[in-house]
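*Asks:* Residue-level listing of the chains:
There are 2 protein chains.
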Amino acid sequence: MRTRFHQSLDLLKEKLLVMAGFAEQSIQRAIEAYRTRDMSLVELVRRSEPAINRLEREIDAAALDLLAMQQPMAVDLRFILSVIRINADLERVGDLAVNIAIRAREMTQMSDAELPVDIPKLGTLAAAMVRKAIEAFIDGDAALAQRVLALDTEVDEINRAAFRALSQRIKQNPAETPQALNAIMIARNLERVGDHATNIAEDVIFWVSGSDVRHHGVGTDATLPEEQSGVAPIF
Amino acid sequence: MRTRFHQSLDLLKEKLLVMAGFAEQSIQRAIEAYRTRDMSLVELVRRSEPAINRLEREIDAAALDLLAMQQPMAVDLRFILSVIRINADLERVGDLAVNIAIRAREMTQMSDAELPVDIPKLGTLAAAMVRKAIEAFIDGDAALAQRVLALDTEVDEINRAAFRALSQRIKQNPAETPQALNAIMIARNLERVGDHATNIAEDVIFWVSGSDVRHHGVGTDATLPEEQSGVAPIF
Chain A
1 MRTRFHQSLD LLKEKLLVMA GFAEQSIQRA IEAYRTRDMS LVELVRRSEP AINRLEREID
61 AAALDLLAMQ QPMAVDLRFI LSVIRINADL ERVGDLAVNI AIRAREMTQM SDAELPVDIP
121 KLGTLAAAMV RKAIEAFIDG DAALAQRVLA LDTEVDEINR AAFRALSQRI KQNPAETPQA
181 LNAIMIARNL ERVGDHATNI AEDVIFWVSG SDVRHHGVGT DATLPEEQSG VAPIF
Chain B
1 MRTRFHQSLD LLKEKLLVMA GFAEQSIQRA IEAYRTRDMS LVELVRRSEP AINRLEREID
61 AAALDLLAMQ QPMAVDLRFI LSVIRINADL ERVGDLAVNI AIRAREMTQM SDAELPVDIP
121 KLGTLAAAMV RKAIEAFIDG DAALAQRVLA LDTEVDEINR AAFRALSQRI KQNPAETPQA
181 LNAIMIARNL ERVGDHATNI AEDVIFWVSG SDVRHHGVGT DATLPEEQSG VAPIF
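If you're matching them up, the sequences are chains A and B in order.
In this text, residue positions in the first sequence follow the working numbering: the first is 1, and each later residue adds one.
In this text, residue positions in the second sequence follow the working numbering: the first is 1, and each later residue adds one.
Read the hints as simulated data drawn from the structure, not as lab findings.
Take the hints with a grain of salt, since some may be wrong.
Since the list gives no way to pick one copy over another, a pair counts as held whenever it fits inside one copy or between any two copies.
To be verified - Heads up, simulated DMTMM-like pairs for lysine to aspartate or glutamate below, C-alpha to C-alpha not over 25 Å straight-line:
id	residue 1	residue 2
1	Lys121	Glu43
2	Lys132	Glu114
3	Lys171	Asp112
4	Lys13	Asp60
5	Lys13	Asp38
6	Lys171	Asp118
7	Lys132	Asp118
8	Lys15	Glu135
9	Lys121	Asp76
10	Lys171	Glu106
11	Lys13	Asp65
12	Lys132	Glu154
13	Lys132	Glu14
Using the sequences and the hints given, assemble the complete structure.
*Replies:* Listed below in structure tokens is the structure:
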């Protein structure tokens, strides 16, 4: 039988999964809004943000209570700290989805432009990173978390290529500057979604194994060729 | 006399202040590198990043040990959790400094352009936000932390104005696209430094008062006119 403490941990985990579901859904809707120009999706993304923020505070408060009341040790302590960190990452993913949705809406007021960037592909990849990181969290699967870290390199490369191609487009066709700038910013936001998924994967590894795998690469701005964003696989 | 536990808390605080000093110095050096085109500063920023990352891990490990060994309650628990969060924010500030420094270096390979953005002013403001947030942390000063939250609005507005002016410049003078894009990205990075200072200020308020002041505004992307980035003063 589970102790009352472990039931509380299960409940905390469940709440974080709801949070993850919201965050992932927001990203998917934002990408869909970009692809289809469906403005009702933009509204959905914007309206779900306060709920995500409320849930973040609720999860933080529950985690803090558990720390204060139960004084957990070792793996349980690491689990609760991971929940606090993952919670913050998911909330930022929700913010990024709002940014993307609003930029998608702005683009409907500009003339169509055939841009050299596959935003839906980048978005699908970034959303998949979040989903896999959360799967790794559900199963306490450090190997799956490691694979998320490897995916970040791919997202960074696509973002870098998009930045180069869109800059070139702006130079050649200044009339498309607003559209291309918006696409650069959306790609950048998606790259940051990938960074948050990376953080979540690292927290899973920290929780399961107790090892700190951060900073085997450096940097955050994947449009810079020299920097390695995210973390290289260590296995 | 301080107990051994409280001596450990003091030591943790000291380490975090060293971390904050590194992060603030990196931002200042990166801005100076932009202003003076002094490439030795770019190198200094890049080389100090591994040290910042090491210190982050060291502080995290120390905080975790204190949580595990001492099972602190109430205000001490909130203090340690705040240290963990502030630590992560400072490390990101260090990453952003590296991004800015590398972009400053890229700009030396481009022809000079008189750009409609005062990066040093924005940078000085963002660095001041970090410094004031840390001062608020040192003194446990919630009122000062509140003033940091108000400064974020100013940083966001400068960043938004810079985005508009630089987009316009690109349209009118496509030959300056690379310079203007780099300036947009640097301004965006500085705006994110302000966001991290805001996070730190919120953590100080959380530690001192136990209240959670997050999400009285929403959004992260200050180049979007509709979003409020950061948090409105609640007093």
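*Asks:* Can you give the numbers of the hints that this structure goes against, from lowest to highest?
*Replies:* 2, 5 and 9
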